[in-house]
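Chemist: Based on the sequences and whatever the hints tell you, model everything.
Residue numbers (our numbering), protein chains in the order written: chain A, 215 to 512; chain B, 11 to 271.
These are calculated hints, taken from the structure and not from any lab test.
Glycine residues also receive a C-beta, built at the ideal position from the N, C-alpha and C atoms.
Be careful, since some hints might not be right.
[To be verified] Lysine-lysine pairs mimicking DSSO-like chemistry, simulated, CA-CA at most 27 angstroms apart:
#1 A:K342 x B:K22
#2 A:K308 x A:K321
#3 B:K193 x A:K342
#4 B:K193 x A:K346
#5 A:K349 x B:K193
#6 B:K120 x A:K361
#7 A:K327 x A:K361
#8 A:K420 x B:K266
#9 B:K26 x A:K349
[Said to hold, decoys possible] Pulled a few chain A residues facing chain B out of the computed Cβ check, cut under 8 angstroms:
#10 M264
#11 Y267
#12 Q268
#13 Q289
#14 Q290
#15 F301
#16 K316
#17 M317
#18 L356
[As the list claims (entries may be wrong)] Label pairs and their computed distance ranges (CB to CB):
#19 B:A197 x A:D235: 34 to 40 angstroms
#20 B:V259 x A:L279: 26 to 32 angstroms
#21 A:T224 x B:L225: 43 to 49 angstroms
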Amino acid sequence: MSVITLENLTKDFGNGRGIFDVSIAVRKGECYGFLGPNGAGKSTTMRHLMGFYQPQSGKAMIEGLDCWGDQKHIQQKVGYLPGEIAFPEDMTGKSYIRMIAKMRGMKDFSYEKELEDFFEINPAIELKRMSKGMKQKIGIILSFMHKPEILLLDEPSSGLDPLMQNKFIDLMDQFKKAGTTILLSSHMFEEVERTCDRIGIIKNGKMIREVDAKELRHSRLKTFRMECEDETDLERILGKFPEAECNMTTHSVILSLPDSRINDLIAVLAGCKLRFLKEEKHTLEEYFMQFYGGDAND
Amino acid sequence: MISLPILIQDIKSNFKFWMAFTMVLCLFMTVMINVFTPATIGSLGAATNGTIVGNLLGGTSTLIGFMANSFYTLMAIIFPMLYSIIVGNRLVAEKVDHGDMSGLLSTPTKRITIVMTKAIYFICSLVLMWTVVCLLGIGVSHIFQQDELDLNTFLLMNAGCLLFHLAISSICYAASCIFNYSKLSMALGGGITLFFYVVSMIVKLSDDLDVLKYLTLNTLYDTAKIIEGEGYGANFIILTCIGILLYTVGITVFCKKDLPL
Chain A
215 MSVITLENLT KDFGNGRGIF DVSIAVRKGE CYGFLGPNGA GKSTTMRHLM GFYQPQSGKA
275 MIEGLDCWGD QKHIQQKVGY LPGEIAFPED MTGKSYIRMI AKMRGMKDFS YEKELEDFFE
335 INPAIELKRM SKGMKQKIGI ILSFMHKPEI LLLDEPSSGL DPLMQNKFID LMDQFKKAGT
395 TILLSSHMFE EVERTCDRIG IIKNGKMIRE VDAKELRHSR LKTFRMECED ETDLERILGK
455 FPEAECNMTT HSVILSLPDS RINDLIAVLA GCKLRFLKEE KHTLEEYFMQ FYGGDAND
Chain B
11 MISLPILIQD IKSNFKFWMA FTMVLCLFMT VMINVFTPAT IGSLGAATNG TIVGNLLGGT
71 STLIGFMANS FYTLMAIIFP MLYSIIVGNR LVAEKVDHGD MSGLLSTPTK RITIVMTKAI
131 YFICSLVLMW TVVCLLGIGV SHIFQQDELD LNTFLLMNAG CLLFHLAISS ICYAASCIFN
191 YSKLSMALGG GITLFFYVVS MIVKLSDDLD VLKYLTLNTL YDTAKIIEGE GYGANFIILT
251 CIGILLYTVG ITVFCKKDLP L
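Modeler: Printed below as a string of structure tokens:
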């Protein structure tokens, strides 16, 4: 049985904004990634799952309970990290954590303390004095401290430095091992690719495709940019990879290839004199253009 | 139906407003009671007779009559009104607009529990404000104006004022629950109540403008009738009904609306 279920969920805000006919089913213990550009409808979907929005048509359910109306029961098991974190300005982080814990009926604070140490944060200062990253950490503590069975994370690593992003991914792995069901939304391909088992791609409020993360990981092309000292080297690369884009004046080469051909590239480059070699990061759009051709735009 | 952590946080977070407005009221109460001497009022009445100021003051020679036309038409109306406008907005709309309402709603607490708790805080804070002001008034007149105060009328005057402010607070609270934007809640809650106040002032300027009294809630707090000792009962009941109705509307709307959190 699926833990998180959306059935033909629709909410039309007019002017083409909103979500339309979104259906997903997340199994117990699965980590589902919700991937899409800004304004695609990720947060709107999350808000339905939190019971903040009433579906126009369709259904949002968690463990078989309707998200609009059965909040009290659902929230006991859910940890939610909002996309735009906002805290009361006139409290310290500590007193806010205590207050939310009290509202959850939590008595044991040992795990909460553990999380504070894990993220190296001292919450005993005023929330309004905190930086974006610190607020994000407080938000993460608030959504994880009661060890929820289900996690709804809306762009969880925004505002965190790379070190903390890695720590956060470790934390998610711990929860995954413990059997937690996770729904994570992001506009960053890497974040979703690293943590999720299944990925749903949403654009303009519509689900475009659902893919297995493994499939995506191995079949996609990686793009490298390099610059050679000599023209002869350019020709050697072109000889082996005719699809490469070369610029004869700057001696630069842009080359996209699947993981299976990476060793061929290394073999050719071994005989070349390179100025530099780097992998080009793709935008979400580009990834899906190459993965599905023109499909990403429908 | 009540969440203790939310109640405590609301008390803490709005305490400075409650304290400030209560102290201002206490200060004016003390000053106005002190100022009163039947002789000065008599001469003031003669000097302003027939003028606009005379209409505003109304002219009366008892302590309660003097208070009714000064404190209870000006300070006792405007200051708690400002408290209601500010705090009413802070309790709900500002939390939705700013986004920190989502923290409360991600705990296993129903929406109705949250808004009921906040409504109860709002009502109790006004009751407490008037209890403090009323007790202080009794104390101060006992010291400075011995045997001048008609205690029964004074208590009724304060009870009426409290009911009036509960009705005002219900307007602000309903606006706060209905709108997701702080500025809209302020515009409606503050706009309507301040409009009432301004109209009630204009009505006093001339008898020709008497018809305007139907445009303002302040008409229902009729100090003259309270002093006469009759005819105020219906007004009190209407004020109470408005309060109950608008608090209910606010709570119901909040429980059913979409929250952009």
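Chemist: Now tell me if each hint is right for this structure.
Modeler: Verification of the hints:
no., hint, verdict
1, A:K342 x B:K22, "holds (16 angstroms)"
2, A:K308 x A:K321, "holds (15 angstroms)"
3, B:K193 x A:K342, "holds (21 angstroms)"
4, B:K193 x A:K346, "holds (25 angstroms)"
5, A:K349 x B:K193, "holds (25 angstroms)"
6, B:K120 x A:K361, "holds (21 angstroms)"
7, A:K327 x A:K361, "holds (13 angstroms)"
8, A:K420 x B:K266, "holds (26 angstroms)"
9, B:K26 x A:K349, "holds (26 angstroms)"
10, M264, "holds (7 angstroms)"
11, Y267, "holds (5 angstroms)"
12, Q268, "holds (6 angstroms)"
13, Q289, "holds (4 angstroms)"
14, Q290, "holds (5 angstroms)"
15, F301, "holds (5 angstroms)"
16, K316, "holds (4 angstroms)"
17, M317, "holds (4 angstroms)"
18, L356, "holds (7 angstroms)"
19, B:A197 x A:D235: 34 to 40 angstroms, "holds (37 angstroms)"
20, B:V259 x A:L279: 26 to 32 angstroms, "holds (29 angstroms)"
21, A:T224 x B:L225: 43 to 49 angstroms, "holds (44 angstroms)"
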